[in-house]
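Peer 1: Produce the complete structure using the sequences and hints provided.
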Amino acid sequence: MTSETTNYENILYEVDAEHICWITLNRPEKANAMSEALILELRSGLLRADQDDSVHVIVVRGAGKGFSGGYDLDGDSQDDRSSIYPYRLKYIRQFEEFITPWLLSKPVICAIHKYAIGKAFEFSLFCDYTIATSDTKMGYSEVRYGLSAHCLFMPWLVNMKTAKDLLLTGREVPAEEAKTLGLISEVCAPEQLHEVTKRKATLMARIPRHMQQMHKMYLNRLYEMQGLRSATDYYLELVAVLGQQPVPEYEELTRMTVEKGLRAALDHAQARYKGLD
Numbered sequence: 001m002t003s004e005t006t007n008y009e010n011i012l013y014e015v016d017a018e019h020i021c022w023i024t025l026n027r028p029e030k031a032n033a034m035s036e037a038l039i040l041e042l043r044s045g046l047l048r049a050d051q052d053d054s055v056h057v058i059v060v061r062g063a064g065k066g067f068s069g070g071y072d073l074d075g076d077s078q079d080d081r082s083s084i085y086p087y088r089l090k091y092i093r094q095f096e097e098f099i100t101p102w103l104l105s106k107p108v109i110c111a112i113h114k115y116a117i118g119k120a121f122e123f124s125l126f127c128d129y130t131i132a133t134s135d136t137k138m139g140y141s142e143v144r145y146g147l148s149a150h151c152l153f154m155p156w157l158v159n160m161k162t163a164k165d166l167l168l169t170g171r172e173v174p175a176e177e178a179k180t181l182g183l184i185s186e187v188c189a190p191e192q193l194h195e196v197t198k199r200k201a202t203l204m205a206r207i208p209r210h211m212q213q214m215h216k217m218y219l220n221r222l223y224e225m226q227g228l229r230s231a232t233d234y235y236l237e238l239v240a241v242l243g244q245q246p247v248p249e250y251e252e253l254t255r256m257t258v259e260k261g262l263r264a265a266l267d268h269a270q271a272r273y274k275g276l277d
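The opening residue of the sequence shown carries number 1 in the UniProt record's numbering; numbering runs sequentially from there.
In short, the hints are calculated from the structure, not lab data.
Quick caveat: nothing in here was measured; it's all calculated off a predicted structure.
Please note that the accuracy of each hint is not assured.
Lysine to aspartate or glutamate pairs mimicking EDC-like chemistry, simulated, CA-CA at most 20 Å apart [to be verified]:
#1 Lys216 / Glu14
#2 Lys30 / Asp267
#3 Lys30 / Asp50
#4 Lys198 / Glu36
#5 Lys65 / Asp16
#6 Lys161 / Glu176
#7 Lys137 / Glu191
#8 Lys114 / Asp52
#9 Lys274 / Glu172
Ranges between beta-carbon positions, derived for each pair [to be verified]:
#10 Gln192 / Ala163: 25 to 35 Å
#11 Leu276 / Glu29: 51 to 61 Å
#12 Leu103 / Ala17: 21 to 31 Å
#13 Gly275 / Lys164: 15 to 25 Å
#14 Val247 / Glu224: 44 to 54 Å
#15 Asn159 / Met225: 12 to 22 Å
From the three backbone atoms N, C-alpha and C, an ideal C-beta is built for every residue, glycine too.
Peer 2: Shown next, in the form of structure tokens:
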């Protein structure tokens, strides 16, 4: 595998001899939390790979103990919520940055280990194929703290009862159940993640490139014609309102994050759900 020279602070970017681009979320000290800076670099890397003729398939993975713990709550505590209008525009901009895997012409594989929570979970849904280790848990646990989902693509992948279960309880889903529900494509043993991912990526890389591009474009358009983008656009408007005027539970979480740190704030917020899962 050859490393590319472009300097990134939050991701690693590599292209191997099989025409696979490996993009690694590289904030292990922060559980690869998805800050605005990371999302911008991730988008830059994805677009770069899509425009590179030597790349046939893209893999996104995480460094350290897990794929990603989700949204960077430390950064969120600094948001200016004085007006709904700039906050709405911020969400619209972030949404377009965040769904980059959906917009690319090349296949994007998400390789998850241990956890993919909140924003990281949603990011994986926009990828074309997702492989998760058997010890992985994923879901919308942020709703338990009064923080909304970001894009709400999940209902397009599962049935209505499942969508309501996951969103109204905020429970975390183990990998095998996630596969059964259609949230991920494949489950593997933790020690086999790289091998299984590379094999699938190599297979995709050897399919005629223009066939891949045509079929990805068709399948995405199929869902968009059924109303996917209209639904996500509507959700963005709801999120903008909730973001500008947070629920009391989230205001408390933000205050405690500033005063006592994120870990203490999360422990306090999680206490009300103890013994219910």
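Peer 1: Indicate, hint by hint, whether the structure satisfies it.
Peer 2: Comparing the hints with the structure gives:
1. Lys216 / Glu14: violated, 23 Å
2. Lys30 / Asp267: Holds, at about 17 Å.
3. Lys30 / Asp50: Not OK: lysine 30 and aspartate 50 at ~28 Å, beyond 20 Å, violated.
4. Lys198 / Glu36: The given pair, whose Cα atoms are some 29 Å apart, is violated under the 20 Å limit.
5. Lys65 / Asp16: Violated: lysine 65 and aspartate 16 sit about 24 Å apart, past 20 Å.
6. Lys161 / Glu176: holds, 18 Å
7. Lys137 / Glu191: With Cα atoms ~16 Å apart, lysine 137 and glutamate 191 stay inside 20 Å; holds.
8. Lys114 / Asp52: violated, 31 Å
9. Lys274 / Glu172: holds, 14 Å
10. Gln192 / Ala163: 25 to 35 Å: Given a distance of about 30 Å, which is inside 25 to 35 Å, the answer is holds.
11. Leu276 / Glu29: 51 to 61 Å: violated, 31 Å
12. Leu103 / Ala17: 21 to 31 Å: 27 Å Cβ-Cβ, so the 21 to 31 Å window holds.
13. Gly275 / Lys164: 15 to 25 Å: holds, 22 Å
14. Val247 / Glu224: 44 to 54 Å: Since the Cβ atoms of valine 247 and glutamate 224 sit about 31 Å apart, the hinted range of 44 to 54 Å is violated.
15. Asn159 / Met225: 12 to 22 Å: Distance hint for asparagine 159, methionine 225 holds at roughly 20 Å.
When held up to the earlier numbered hints, the structure conflicts with 1, 3, 4, 5, 8, 11, 14 and fits the remainder.
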